[in-house]
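Chemist: Each chain, written out:
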Amino acid sequence: MIPLSWYLIFAAALFCVGLFGVLTRKNLIAILMGIELMLNAVNINLLAFWRYLYAPQMSGQVFVIIVFTAAAAETAVALSLIISVYRRRNTVVANDVDLLKG
Amino acid sequence: MIIQALTWLIPLPPLLAFALIALLTSHYRDVSHWLALIGAGLSWLASMVVFFWAVFTPGLSQISPAFQVPWLPLGGDWLMIGVQVDQLTAVSLFFVAWTVLMIFIYSVGYHNYGQPEGDRDKPGLPPFGTLFRFKRGERKMVASVEPMYSRFFAFISLFAFGMYTLVVSDNLLTLYIGWEIMGLCSYLLIGFWYARESARNAAVKAFMTTRFGDMFMLLGLVVLYSVTGSLNYKDVFSPTVIKLLTASASPLLGLSWAGLIGLLLFMGTVGKSAQFPLHVWLPDAMEGPTPVSAMIHAATMVSAGVYLVIRFFPLISAGWLPGAPINLTMTVMAAIGAFTALFAATIALTQNDIKRVLAYSTISQLGYMIAALGVGAYVAATFHLVMHAFFKALLFLGSGSVIHGIEHGVMHTNEHVDAQDMFNMGGLRHKMPLTFWTFLIGGFALSGFPLITAGFWSKDSILAGAFSSGYWWVFIVLALAALLTAFYTMRLITLIFLGQPRTKAAEHAHESRPVMTVPLAILAFFAVAGGWVGIPANFPLLGGLLPDWFKQFVGGMLVGGEAAEGHSLVPLLTSLVVALGGLLLGWWVYHKQMAGDPDPMQRALGGFYTVLKRKYYIDEFYNWAFIKPAYWLADTLVYKLIDLKILDGILHAIGRFGPWFGRILRGWFDLPVINGAGDMIATGTRRLGADLKPVQSGRIQQYMLIALMVLVVVFFIFYYFFVLA
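Line by line, the protein sequences are chains G and B.
Numbering of the first sequence is given in the numbering used here, commencing with residue 1 and proceeding in unit increments.
Numbering of the second sequence is given in the numbering used here, commencing with residue 1 and proceeding in unit increments.
Hint data in this document are derived by calculation from the structure and do not stem from the laboratory.
We put the CB at the ideal spot given by N, CA and C, even for glycine.
Take these hints with a grain of salt, some might be off.
[Claimed, not checked] Computed beta-carbon distance windows for the label pairs:
1. G:N95 - B:V714: 23 to 29 Å
2. B:G698 - G:V62: 38 to 44 Å
3. B:F716 - G:W6: 22 to 28 Å
4. G:A55 - B:G698: 44 to 50 Å
5. B:G698 - G:I83: 16 to 22 Å
6. G:N95 - B:D679: 35 to 41 Å
7. G:V62 - B:V714: 28 to 34 Å
[As the list claims (entries may be wrong)] Some chain G residues well away from chain B (every beta-carbon gap over 12 Å; in silico):
8. M1
9. A11
10. F63
Using the sequences provided together with the hints, build the complete structure.
Modeler: This is how it looks when you write it as structure tokens:
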């Protein structure tokens, strides 16, 4: 059986990839994708801990399902916002959307 | 039981009438006067029932029905108020009810009810009369209705309430309340025609003067309560209390408590019954409408003062026994009463205003009663009080009728004469026969015309009382006053009714309407028949034909009983001589008076005439001694010095200190500290915002990077402190 730490390392790596994407990509959709990666890294963590430590219970899977649901809803909202921004300002570049600049 | 209920109900109908008229019906003349008349009528009816019940109940003093309710809590005690019926209440109810009702009826006519409204009439002035177009097309001046008709009836209804309250109450407190209500009504009604300055001044004068007496009366009331703990007549006049009051000395002037209270209460009477030296308000009170003069200033309110003294006679005469020397309070009363009787009679000799003559005669007659009480002639004083109410009300109403007649003549002829000056009258007996005959009866009663008039019997019994008391000076002074009374009464009658008319207005005078003359006739009946109930049993020839009911009835009230009058012919002969002599003299002097002639008194009295005409300069003296100093005190001292200089100065200084102190605070505290702090917060915030502005780049990834870095730093800090430590 694959040890738990492997999963954790994998999840951490995936999280870092996502974080890097969020911080460096210019495109809003790419940033969104980074966020999804980070969420999935968290999901992997949850599932790994559940499988190794609390397998008889349902709670780990329930958490993951809820996270999926929240992520899907959040993606839908974010995508519609991005479309709306694109229609108004004709851009999907994050740095161009700076109305709140001080 | 029914009698008690009825007794306390007596004062209420006029009060109700007052409230309804004042609140609801002031625009409807007929409703207003019907309300007032019905109110007075109900009270009259109840009074008559109570009166006749009292008369036909043997042993009334033992029963003496009373009805009390607790009214005002005082510490651990209650002030009780209530009503009672005794002999004095009964006879007072009799004359009050009759005179009040007659005067109410008369007022309807006096205020020209049914006449057109005057186009020039204003509220606060007597009606001028108006040009009226008759059906035939001719235009004539006719009398116009009083503009404040309802107001008048409201006030006299309130007045009637006050008088009834005073009469039926069984304690000094409600008596005092009724007393002051009447004082207020007197003020309101003297100033009824308030647009005239003289009426306003007279109202204020009456109020202030009577108030001066009332102040002492209130003191007496308070002293009585604090010494005896009760104001109820039955408690106060019980022999033990009287004995206690007589025996214990008050801290003032070495008087006994009874003497002190008696003197204080008597001061109230001096004010209300217009005795010297507080008599000055009554003649001026004639500024009011004539029914008011009749009711308030002749028949009822001024009688209230005498009523008070009669009521408190057991206290005032404490320590005195019939036949013994009179005590201090009684001496004061006898002196003031006798002096006032003579003094006012002398002034009345020279007055030309018909109502003023009657006013002075009222003062004089009240002095009579006070003097009678002073020498202990209790029943005689009560008798004269009742009889005087009838004939003086009659005389005043008659004078109102005369004035009305003359005013009619004035309107008819357009001649401008004073309708109240009797030198402008004369010969009215043909024009106004009913007024003449009733006035004659009233005048004869006032002067004590022998045998047929009530005034003779009451005055004779006062003179007899004064004579048998042994106080010669009282008797002589009163006899002299009676002579003068007869003289000026005849002067009045002769100048008004006899001889020839001295002005055109008097030629065209005419008789008043029945609504005015019928009350005159009824009062005239009492002015004659009233005397029959008090004919002394030992009077020559007539004595014993009719029982001396009044003496038995009222005399039954006194605990000690009345002095046994040794009847002597001296007072009888005296009263015959002074009455007939005065009347004859008056007729003889004035019967040939022609228009424009000076008053014969002017020649007869010489320089003294002016003194009398100016009423002994008492008004001038009061003006100099009290009013001027009061004005000086108020204007020069209090207003100009204390108020303007000192008080205003202090206030202005405080006023100036305020802004100065404000400027200091502003310069040294507000601007630097408060404003500075505020400004500093504002600019500091703004600068901080400007400094932090670059952080808000609007680049979301930059924010996230910062957030990440902060997170990492916070993580390490936590890790260092909480995990490693």
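Chemist: Are there hints from earlier that the structure breaks, and if so, what are their numbers?
Modeler: none
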